[in-house]
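I would like the entire structure built from these sequences, with the hints used as guidance.
Number of protein chains: 2
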Amino acid sequence: MSRKLHLALHPYGVGGPGQHGLWKDPRVAKDASIDIGYYLRQAEAAEHALFDALFIVDSQFINATYPPHYLNRLEPLTLLSAVAVRTRHLGLVGTASSTYNSPFNLARRFASLDHISGGRAGWNVVTSFDTGTARNYGLDEHLDYTTRYGRALESVEVIRGLWDSYEDDAFPADPERGLFLDPDKLHALEHRGEHFKVAGPLNLSRSPQGQPVIFQAGVSEEGRDLAARVAEGIYAPGGSLAQAQEYYADIKRRTAAHGRDPEHIKIFINGGPVVAATDEAARLREREIFEEDNDLERSLALLGRSFGAYDFTGHDLDAPFPDIAHLAEKGGRTAAGKIIERARTENLTLRQVVTSASEFRRSPFVGAPATVAETIEKWFAAGTFDGINLAFRTFEELDLFVDGVVPLLQERGLFRTEYEADTLRGNLGLPVPENRHTAARRAAQG
Amino acid sequence: MSRKLHLALHPYGVGGPGQHGLWKDPRVAKDASIDIGYYLRQAEAAEHALFDALFIVDSQFINATYPPHYLNRLEPLTLLSAVAVRTRHLGLVGTASSTYNSPFNLARRFASLDHISGGRAGWNVVTSFDTGTARNYGLDEHLDYTTRYGRALESVEVIRGLWDSYEDDAFPADPERGLFLDPDKLHALEHRGEHFKVAGPLNLSRSPQGQPVIFQAGVSEEGRDLAARVAEGIYAPGGSLAQAQEYYADIKRRTAAHGRDPEHIKIFINGGPVVAATDEAARLREREIFEEDNDLERSLALLGRSFGAYDFTGHDLDAPFPDIAHLAEKGGRTAAGKIIERARTENLTLRQVVTSASEFRRSPFVGAPATVAETIEKWFAAGTFDGINLAFRTFEELDLFVDGVVPLLQERGLFRTEYEADTLRGNLGLPVPENRHTAARRAAQG
Ligand SMILES: Cc1cc2nc3c(=O)[nH]c(=O)nc-3n(C[C@H](O)[C@H](O)[C@H](O)COP(=O)(O)O)c2cc1C
Ligand SMILES: Cc1cc2nc3c(=O)[nH]c(=O)nc-3n(C[C@H](O)[C@H](O)[C@H](O)COP(=O)(O)O)c2cc1C
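Chains as they are written, first to last, in UniProt numbering: chain B, 1 to 446; chain A, 1 to 446.
Keep in mind that the hints were calculated from the coordinates and are not lab data. Remember, predicted model here, so these are calculated numbers, not experimental data. Please note that a few of the clues may not be correct.
Pairs count within a copy or across copies, as identical chains cannot be separated in the list.
[Unchecked claim] 27 angstroms max Cα-Cα, derived BS3-like pairs, lysine-lysine:
1. K185 <-> K24
2. K252 <-> K378
3. K378 <-> K4
4. K197 <-> K252
5. K197 <-> K338
6. K30 <-> K185
7. K4 <-> K24
Written as structure tokens, this is what we have:
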């Protein structure tokens, strides 16, 4: 097979959606999610296993009844910068909200990470799932879909413009001519758009990748459109094989429709997995995890996330799913809409909805190493993803995947046996974008 | 002497105010200011020499005629996070503007650095010297003094409130009771002030220092007032011995007037130095540096900084200093005001002003190691500073200070012979602030 599989590691810390009970596991440090040593150890293992990237999700909202993984977490860019100087090949993808950040600030921080890591930075653009974030940034209400996705697209455009402030040869640093900077190679942006006014230039030269890699996560019509226009990677939710196929084909088609090469957008799905010595042991472990994680209270809190941190505790669990459609618009219209529609057509109670939502999050990759490798190949060949975003509950389970599954993926010719490059772009097979001003000059000169 | 001297290292990269010509030095890498290796090497040397901290200044504005050190620089928090995992005792002080950042964003990033470094983070609060920053953040004009310093004070208050979101014992993580978080120990802020509305809580637990250390840099009436109210460290400009004494006494007096212990604000001055084998060699080296750095074009650009990046190139150098008092208000009223007043009373030309401004930036610490140690002791004993913020042009000069001057300071009983602590607070002799909610509960319980 000539298409290559990509693997990313998504370290949760303790807890997290689908990992609520993890802090109870005696093998896991209670403060893992704020212990840089925990992330460094995962990063080193991921690099040893030739993974493409470490992938850090983010949220900027909590309250006391929220899923525990959001209670206590390091900020992604400081986290990844620490990882940068302890690794050499691993990509470093950090999530940051375009809704609650200034483009100039984000442009600097990601470009700085790209310099520090020698060309391994990626930005996962999100519009902020957690509606309560608004109140930490001076707003009473989460911005609506159109505004959030409008800001997202304009942010990416502005930030890419800032990343091109300096042409590659802007600093001759030539003592003979007394010339440190060639001023013709420095370009202000003077952007004035619907959401942002940013003059530029950025005070940081082009980074080793030309520009950090743009990822995106968000599945609505607006989210897919954003991805097709500007993303080079996607963090996609997965779901059933058929759902993943539909999503994959849709994104590749949309990307091509924007005149882009569909090979230049890599779709990663959320992948679990649960690996054990035998299929039977893995299924048992899966059941154990499922029970550990899905106590009702936490599952309700997680369900509430799609409805603007809605608190379900006042509702009768065995009555029909409550009429809260008006709360879906702000946070996650797509996820919330699906829940409401299913509840209505199948006439489900709140308890049934919350249970099936937990089921939806189960990984397709459960079994002995050989079974998992085979399932991955089957899904990969079926056009469901370009990569998997893997998360492990313990270091033991990470090691089992690395030592058990990765060699089988390599034998099948699916996964690399050495890094192709020192940059994230290089390993993902993405082109280095030419500086726009250099390109324009070249074009003008014929 | 019982008062202890503190030393910080302020790595410039190439160029910088008073170091314009540094890129021409064959011993200095042309891309030093964006090479994390350059900073790591300085940090490791500073830690080896038992320095208190690495101090990173910042700016978010450039144009082609600006002092070169601002042309190309890493973002301070990503830089310091990388340094954090390569050092163990060194404090990590990063500059960030309260004018062009959201408090929630800054609170997270500094708290995250404090976790990653095990309690070594400091925030140098600035109101942004470079007026052009406004246009990178959607504004046409730099905010005025009152607004900038009003935001600075309110930012610090909000951020400290966010840093206290969790009490120290908020996470019992007790499987017996099924209790990860104790919800009574998590506190929303619900701040509504003149400049900011921030709900909180922060999604990051109290950091190893309780709170990162607050530094401040800015010398106007408003700047001094801010320092006296909230700062635990100051980056002060220095100047003559008499000027430094006046400033030192003034700050300590103001701090006491706010009911604070004046020992709990540590004043660092900008300290050069120029060290060589003999006094004569050091003076020669100083002259060489002075000539290398102070070509007229660059000195004019630097002078223009105090007047909102004003471009002096159209003015006759030998005519009286131009009437540009109206440009002083926005950028640096204090610095600009002094320049204008001196130009008027002494009837100076533009050339005379630019030359004397360069002279002002000369270090008092020039000579052989014994001379420098003696001068430091004299200034220290005269009540001019608690610490020095040192910058070196080359690694050779850094080594000469570390191997030549530091042992003499130790012999004189001025400087530590081992780290007192693993945290920046510990080494600076600053108390750990008690969580406000814990304190309130204790007070209520009598
Ligand atoms: C797989 C996946 C991962 C996501 N990760 C994050 C995240 O880490 N932080 C965040 O604020 N939002 C995250 N989002 C949320 C999106 O940015 C978006 O706000 C949300 O999905 C609602 O928009 P949509 O209807 O377009 O999906 C994620 C979404 C998906 C599908
Ligand atoms: C020693 C010193 C260092 C400073 N460092 C910075 C800096 O790194 N970045 C910045 O934007 N401003 C810096 N400032 C500027 C101040 O934040 C402030 O904007 C400026 O000095 C004007 O205010 P003032 O009149 O109160 O001094 C510094 C000021 C001083 C005196």
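Hints, one by one, checked against the model:
no.: 1; hint: K185 <-> K24; result: between (56 angstroms within a copy, 20 angstroms between copies)
no.: 2; hint: K252 <-> K378; result: within (19 angstroms within a copy, 71 angstroms between copies)
no.: 3; hint: K378 <-> K4; result: within (14 angstroms within a copy, 67 angstroms between copies)
no.: 4; hint: K197 <-> K252; result: neither (32 angstroms within a copy, 42 angstroms between copies)
no.: 5; hint: K197 <-> K338; result: neither (37 angstroms within a copy, 34 angstroms between copies)
no.: 6; hint: K30 <-> K185; result: between (51 angstroms within a copy, 17 angstroms between copies)
no.: 7; hint: K4 <-> K24; result: neither (37 angstroms within a copy, 47 angstroms between copies)
Consistency with the previously given hints fails for numbers 4, 5, 7, ordered from lowest to highest.
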